[in-house]
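Sequences and hints are given; from them, build the entire structure.
In the order they appear, the protein sequences are chains A and B. The numbers in the first sequence follow the working numbering, run straight up by one, and end at 443. The numbers in the second sequence follow the working numbering, run straight up by one, and end at 360.
No wet-lab data here; the hints were simulated from the structure. Errors might be hidden in some of the hints.
From the derived model, a few chain A residues whose C-beta atoms are all more than 10 angstroms from chain B [to be verified]:
1) E136
2) S159
3) M319
4) L439
Below are the BS3-like pairs computed for lysine-lysine, each with C-alpha atoms no more than 25 angstroms apart in a straight line [unchecked claim]:
5) A:K429 - B:K257
6) A:K433 - B:K63
7) B:K111 - A:K429
Since we're looking at a predicted model, the values are computed, not measured. We treat Cβ as the ideally placed atom computed from N, Cα and C, and that holds for glycine.
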Amino acid sequence: MRLLVNTHLHLAIDSLRQNRGRTFLSALGIAIGVASIVLILSLTGGINQLIGTNSDKNNANLVLVRPSNGKEITDSLIDELTNASQYSKSNLTLEDVKVIKETEGVEYVAPLAISNSTITIADRSYESTNVVATNNDLQNILDLHLKSGQFLDYSLRENVAVLGYNVAEQVFGTTEAATRTFNYGGQQFMVVGVLDEINDPINFNGVDFDNSILINIKFASTFESSIQIQQIDIRTSTTDVVDNVVSSINEKLSKTKKGDKDYKIITGSDELHPAGSMISIISSMLTLVASISLIVGGVGIMNIMLVSVSERTREIGIRKAVGASSGHILLQFLFESMILSIIGGLMGFILGYVFAFLISLVTPFAPHISWQILGITGAVSLTVGILFGVYPAAKAAHKDPIASLKFYR
Amino acid sequence: MPNQENDTIIELKSVSKRYGFGDAESYALRNFDLTVKRGEFIMIMGPSGCGKTTLLNIIGLLDKASTGEYILGGKDVSRVSANKKARFRAKEIGFIFQSFNLVPNLSIIENVSLPLIYSGYRKTRRLRMADNILEHFHLREREYYMPYQLSGGQQQRVAIARSLIANPSIILADEPTGNLDSRNSHIIMEELQEIHSLGNTIIMVTHNPALTTYATRVINMLDGEIDTDIKTVADSELPRAGKGEKVSVKVLPSRKPIEMEIISDDDVVVSGKKVSTKKDEKESDKAEKTKKPEKDSKAKKTEKAKSDSKKKEKDEKTKKTDDKKKESKKEDKK
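So this is what it looks like as structure tokens:
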């Protein structure tokens with residue numbers, strides 16, 4: 035078998051060599067298709083890297099628990115993008131938070147219960163303000179800095195609040211808002227601190243802390259009938275124990291929830307920023323569009339192969355007369371189209387990166403080079419070669435040797 | 027008797043080839059019976075459209091008989107799969123065509139080694155074998171020429187080398203001299219005769235009655251049936267290589283080249299014998315080809331073609347082939 039493949043490889047390369055110009059042109063079709071795919075993948079990869087370096091500085095030991103309704107991945111991706119999941123019904127409870135807190139390797143745990151509601155100060159009301167019920171671990175998890183005052187401390191007093199920078203500015207006109215009070219949910223809250231400006235509206239919490247009010251979740255659970263925990267942020271003691279923590283949390287939660295898989299655990303910095311999934315959707319759409327040009331290239335290869343088959347009818351007849359079976363002829367032509375498309379793929383890979391580098395000269399991000407992209411282009415061009423080579427090869431293989439030998443061109 | 031059975035290479039039993047259906051039905055071959063013994067040199071003659079080429083194609087497993095049985099080397103191959111037929115073609119059958127049929131974009135050595143690809147030889151081995159056989163045909167210096175750089179006669183010799191390389195049990199030649207001038211046809215016939223004298227079996231289709239002198243058996247076909255079938259050499263006198271074995275390429279001895287030297291417009295010297303080209307062509311337009319003087323007389327005899335004279339001829343031929351056989355054996359021993 036190896037000998038057969040080797041032989042046909044040589045045959046195909048030889049016959050492609052004899053038609054250099056034609057080989058180059060038909061490979062160029064594939065090259066352009068592959069180049070556009072490489073361009074898109076490397077540029078979106080570059081953008082992703084840019085976002086990654088900006089948003090997750092040290093998220094390697096972060097673990098998130100989110101409610102899940104067991105939907106398809108694409109659905110939850112859309113949910114994530116539209117923030118729909120944050121307002122959906124959650125099955126996470128404070129009990130779960132306690133369970134997680136007791137897990138070995140977990141350093142900080144903070145639940146996030148986000149609601150969009152109205153707060154009132156004296157007789158003025160501020161509609162649709164983000165109120166995040168959480169605990170004092172959040173400061174350590176997110177590395178929040180205070181402009182003034184202090185963070186939530188349940189032991190100190192339960193009805194306290196920390197304001198986001200913008201909220202403090204808007205509502206009280208100052209960032210020195212400590213000891214001011216406001217009403218929310220029929221309770222009076224006292225401001226104990228104001229956060230520093232963060233200016234990072236897109237993050238894995240789905241909360242713009244500059245425009246939020248943080249309150250104690252334990253206190254919130256006393257006056258709100260059902261508290262909806264959208265997310266539990268966990269920071270482990272070291273990055274090495276992340277996997278262990280995930281598996282033991284999984285074990286514990288499935289025990290307490292009696293097997294209901296209504297939550298999901300997310301780790302790794304890649305998955306933590308929602309913008310990444312947005313870009314991956316866009317890049318996959320673009321790739322889909324670019325693959326149309328790949329199909330055009332494939333049709334070009336098929337066309338050339340058909341011409342080649344009819345030009346070489348006599349050769350096929352001779353080969354069959356001296357003992358080639360239909361399979362031999364099929365393989366010979368299939369290898370030819372495969373080599374054509376692989377040459378095209380390589381050309382496209384190089385061409386795509388050249389373009390990407392040219393573009394990166396005027397944009398802030400560098401093209402992303404990875405083995406995956408090379409793998410994808412290789413696989414795609416090979417598939418195209420086989421897909422569009424089968425028909426001409428089959429046509430060659432089924433030629434009648436007697437008629438082929440009589441063929442004059 | 028196993029030995030006798032071994033001697034029969036090809037057996038066609040009431041083979042018919044039908045084209046078309048119903049009213050348009052016509053037969054290229056009709057209940058054709060043929061037994062070919064090892065070492066025979068068969069010439070098939072007949073008018074155009076009498077089924078000669080169809081017969082050759084069926085024997086060469088390129089075509090399939092409509093009905094009948096075909097036994098090749100003791101195996102019934104009339105109903106084997108296409109892949110098996112291809113394998114038979116690669117190993118048992120060598121083709122020589124009127125139009126040479128070399129692959130135009132392959133060099134001479136690659137063309138010669140073509141059949142070996144499909145018998146599963148490695149490239150170096152293929153090229154070495156092709157090199158050996160081309161040396162025998164004195165084309166070694168032109169191994170890496172392309173076919174279009176060679177003359178018609180040289181191309182046909184390349185084609186003969188190709189037909190021999192896989193060491194087939196039978197060589198099928200479809201008017202191998204049809205596209206050649208008389209000088210080159212002569213050379214080609216000399217090559218074929220030498221191959222035959224080494225024990226190879228050859229079936230050749232021709233229009234040229236002058237060539238029948240080379241044959242050990244002449245079959246005249248008419249409308250898909252055998253008209254006459256004349257054996258000029260007894261089966262027992264057929265050249266043979268060893269105990270009914272095929273002639274191996276390796277056994278082919280290196281020998282003096284068939285040299286041509288042009289003396290004048292009319293005369294050439296082929297292998298040291300003076301040959302006239304002009305006279306022959308004028309004498310009979312059928313005989314396109316030049317021959318050695320002694321052969322010329324034979325050719326004329328054949329044209330008269332009566333079984334009485336054939337017997338004498340046979341004796342002469344047998345002697346000749348015997349001599350050649352001895353020669354080759356001597357050379358082998360050397």
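(Q) Does B:K257 sit within 25 angstroms of A:K429, going by the straight-line distance between their CA atoms? (A) violated, 44 angstroms
**Q.** Cβ separation check - A:E136 to all of chain B, threshold 10 angstroms
**A.** holds, 69 angstroms
Q.
Next pair to validate is B:K111 with A:K429; report whether the Cα-Cα distance is within 25 angstroms.
A. holds, 20 angstroms
Q: For the pair we were handed, A:K433 and B:K63, check the Cα-Cα distance against 25 angstroms.
A: violated, 32 angstroms
Q) Does the claim that A:M319 lies off the interface hold, with its Cβ farther than 10 angstroms from every Cβ of chain B? A) Fine: 45 angstroms to the nearest Cβ keeps A:M319 off the interface.
**Q.** Whether A:L439 stays farther than 10 angstroms from all C-beta atoms of chain B, as the label says
**A.** violated, 6 angstroms
Q: Test the statement that A:S159 is away from the interface with chain B: the closest C-beta pair must be farther apart than 10 angstroms.
A: holds, 87 angstroms
In this structure, the earlier hints numbered 4, 5 and 6 are contradicted, and the remaining ones agree with it.
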